[in-house]
Amino acid sequence: MASPQKDQYIELSVGAEICAIPIGEIHEIIKMLSITDIPLCRSEVKGVINLRGKVVCVLSLRYMLGMSDEPYTRESRIIVVRYRDEFVGLIVDKVNKVTTYAELHPPAGMNIRGRDGIFQGIGQDGDRIVGILKLEELLGG
Amino acid sequence: MSAYREIFIEELNDQMERMDQALLALERGAAPEVVQTLFRAAHTIKGSAATMGFREMSDLTHEVEFVLEWIREKKPEVTVPLIDVLFRALDAMKTLRTQYVSGSAYDDCSSVVAALQIIVRRPERLPVRLPELSAAESLRAEAAVASGQRLLAVLVRLKEDCLMKAARYFMLQQRLEDLCGGTVLASSLAAAAPDGDEEARYGSFAFVIAASRAADGLQAQLAGDSDVENAEVVPFPLQTAGKAEYPDPGSAGPAAGEQPKGNSGQPTVRVHVERLDQLMNLVGELLIDQTSLADLHTNGQRSDPAGILQKIGSVSDHMGRVIKELQEGVMKTRMLPIDQLFSRFPRLVRDLAHKLGKEIELVLEGRETELDRMIIEELGDPLIHLIRNSADHGIESPEVRLEGGKPVAGRITLSSYHEENHVVITLQDDGQGIHADRIKASATAKGLISEEQAALLPPEEAVRLIFEPGFSTAAQVSEVSGRGVGMDIVRSQIGRLNGIIDIQTEPGQGTTFTIRLPLTLAIIKGLLVKVSGRVMILPMYSIAEIVRIVPGDIQTVQGEQLIINHGRIVPFSWLHGKLNYQHTGRITRTIPVVIIRSVDKMAAIAVDEIIGNQEVVIKNLGSYLGTMRHLSGATILGNGQVAMILDASFLVSG
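For the protein sequence lines, the chains are A and B, in the order given. The opening position of the first sequence corresponds to residue 94 in the working numbering, with each subsequent residue numbered one higher. The opening position of the second sequence corresponds to residue 151 in the working numbering, with each subsequent residue numbered one higher.
Simulated from the structure, these hints should not be mistaken for lab results. Glycine included, every Cβ here is placed at the ideal spot set by N, Cα and C. Among these hints, one or two may not hold up.
Reference listing, derived: stretches of chain B covered by chain A, where coverage requires no fewer than 3 residues with Cβ under 8 Å from a Cβ of chain A [stated by the list, open to error]:
id, segment
1, 725-733
2, 767-775
Not everything, but these chain B residues come out facing chain A in the computed CB check (under 7 Å) [as the list claims (entries may be wrong)]:
id, residue
3, His780
4, Ala784
5, Ile786
6, Gly790
7, Val792
Pair by pair, the computed Cβ-Cβ distance ranges are [as the list claims (entries may be wrong)]:
id, chain 1, residue 1, chain 2, residue 2, range
8, B, Glu610, A, Asp100, 52 to 60 Å
9, A, Asp178, B, Val700, 44 to 52 Å
10, B, Val480, A, Asp218, 52 to 60 Å
11, A, Gly108, B, His468, 54 to 62 Å
12, B, Pro487, A, Glu179, 27 to 35 Å
Assemble the whole structure, with the sequences as input and the hints as a guide.
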């Protein structure tokens, strides 16, 4: 399943895991801003930020991938992605680089709880393999 | 050029709206002045369309003008077919408008033009309406067009002295199919004569035929028949086959008078000049304030500091007042009378009534109620859905109504009025109402609730189940309202506007939907409080009073905490407790307590600290979070932080 035009991806880290998001789905990447928590809200939602006058909801990608939360560091980032006609921020531990993958594979049959279908495929570049997130599934589920 | 274009489109919308209303008035037998109004509107459109080089529109309106002039001169009886043709022309104009805006190809209007011409030149030739295609016939028509056939409408009038008209009708139908190698999809006869002579109905008739051969000689061949007085062959465009005449409000089609979203660039606003002048005056006042500040800066060095401070204070006061007025003024430019929305519905109800074979009277009340324009735009779809529902499922057929001792004509009343900080819109029908038992049965069958739950559910609660997702009324799907949009969509559309919808129904008496909406989505006055280190905002309109109490004032009765406020017992709770936060505030001798009132409930809510009140701009929390019943939204404070706005009905809930 080779991709002829070599789509670009943003590679990011959450805990020990490395994931990628197609660059076209990303609106912008920002440093951590002050987050206002939302009372009585689902646990993956860390709160909202003021993104130049827009109130944008931010989610913990760590939590969504089944990891426990860690304090934010200087490398923590919020990846703002499009969600329906709005934006949603994903908090990640680190943004690594923009990259392309020589080969793309269909997602491996994952049977870890809560992770069904959230990867749209696996990117391979030499002997490195990275799970590519399927945002509509991750945010829609 | 594009500026003229926008003005032109605005004017077009205005004039067509006017024509819509005037046509409805004409149908109801209004005074001859209405024809004059129609004529003027058509004339204006024709003129500006010609100026803009929009030939299709000016040609079409030219024909409309002809017909109107003929009505004005000859004063013929205003018949349903006549009004129908005019409505068809108006729909065609609306379609042209949409195509003009989107820059797509124009529809062929020749059949409408032909229909208009038939009226004026040979009025006696219009005893028959073009057939309306049923859903199945439309499908067959679409298939025929897809396979390369053309749709034609053939109007035939037989000679008076023709014998056995019905037989001629069937023979002509056969002959037509042979002549153009196609099949007749639908046909219609003249309206029945008062004396009930069935045979006379065959005196004139119309066919819709899917033809595979060119129809050039068809008209001459038909007219050559010795029994045929005259025959007319016109193209029958598919989109007039039911769909265009009964626009699908599910997609808010442009024919429903909807301004197409995202039309030529930015949406424009019409503001009364008086309102603009007021705003100008206020800006003038601000300029004066600014000059006095600059003056204080340049001349202030020599005079005494205390005096300067005092002057700055008074200028600041004045500016504050002006800015407040300016803000209100700008808000008002966002407000529109709800008539902008309501005026679309008479046509909708008329078409629905025709289609359903019912008599329905639409009563509009409180048309002048002003509402934020954004709310008005978003309110269209849910209201159309509710009206369709009422017309289809609510209002009974004339026979059933007569049996039930009700007036033959059903009545749908749409009204709106202000109530405190809200606009209330009610949609009331005098139809058959909803039986709670049937709703319960349907809900249990679909697994929404269990049998035991259903048994315990009071009727008024059971009826609310129609708003639940998954409660589709599949058993009663019909062409009119069964379009797969459920009442849950209506509720979520209203919810997105921070509104709530409720239903009261009385079997046999009718159903009332009540929608409560905020006046504006933009700004409210809020009380800023501190709770567990966070700033939260309580909507000011829900606050009855702010009091300070000592811990001893809190009494515990049957496990519930309460205080006495002005002799009334008010349930007491801590805000941090309601929000599931740890208490981090200092324990003070007196506790600040906000008395909240919402609808008919009261609550005393203790906070850590009262900060003060200010106007806050409400921002949506976004669709990812879904419905958050305890929050009205969020706002951005002066320091750039986001703060949550709490919902009044959540605060008073137990």
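Hints and how they fare:
no. : hint                            : verdict
1   : 725-733                         : holds (count 3)
2   : 767-775                         : holds (count 7)
3   : His780                          : holds, 6 Å
4   : Ala784                          : holds, 5 Å
5   : Ile786                          : holds, 5 Å
6   : Gly790                          : holds, 6 Å
7   : Val792                          : holds, 4 Å
8   : B:Glu610 x A:Asp100: 52 to 60 Å : holds, 55 Å
9   : A:Asp178 x B:Val700: 44 to 52 Å : holds, 51 Å
10  : B:Val480 x A:Asp218: 52 to 60 Å : holds, 54 Å
11  : A:Gly108 x B:His468: 54 to 62 Å : holds, 58 Å
12  : B:Pro487 x A:Glu179: 27 to 35 Å : holds, 30 Å
Taken one by one, the earlier hints all hold for this structure without exception.
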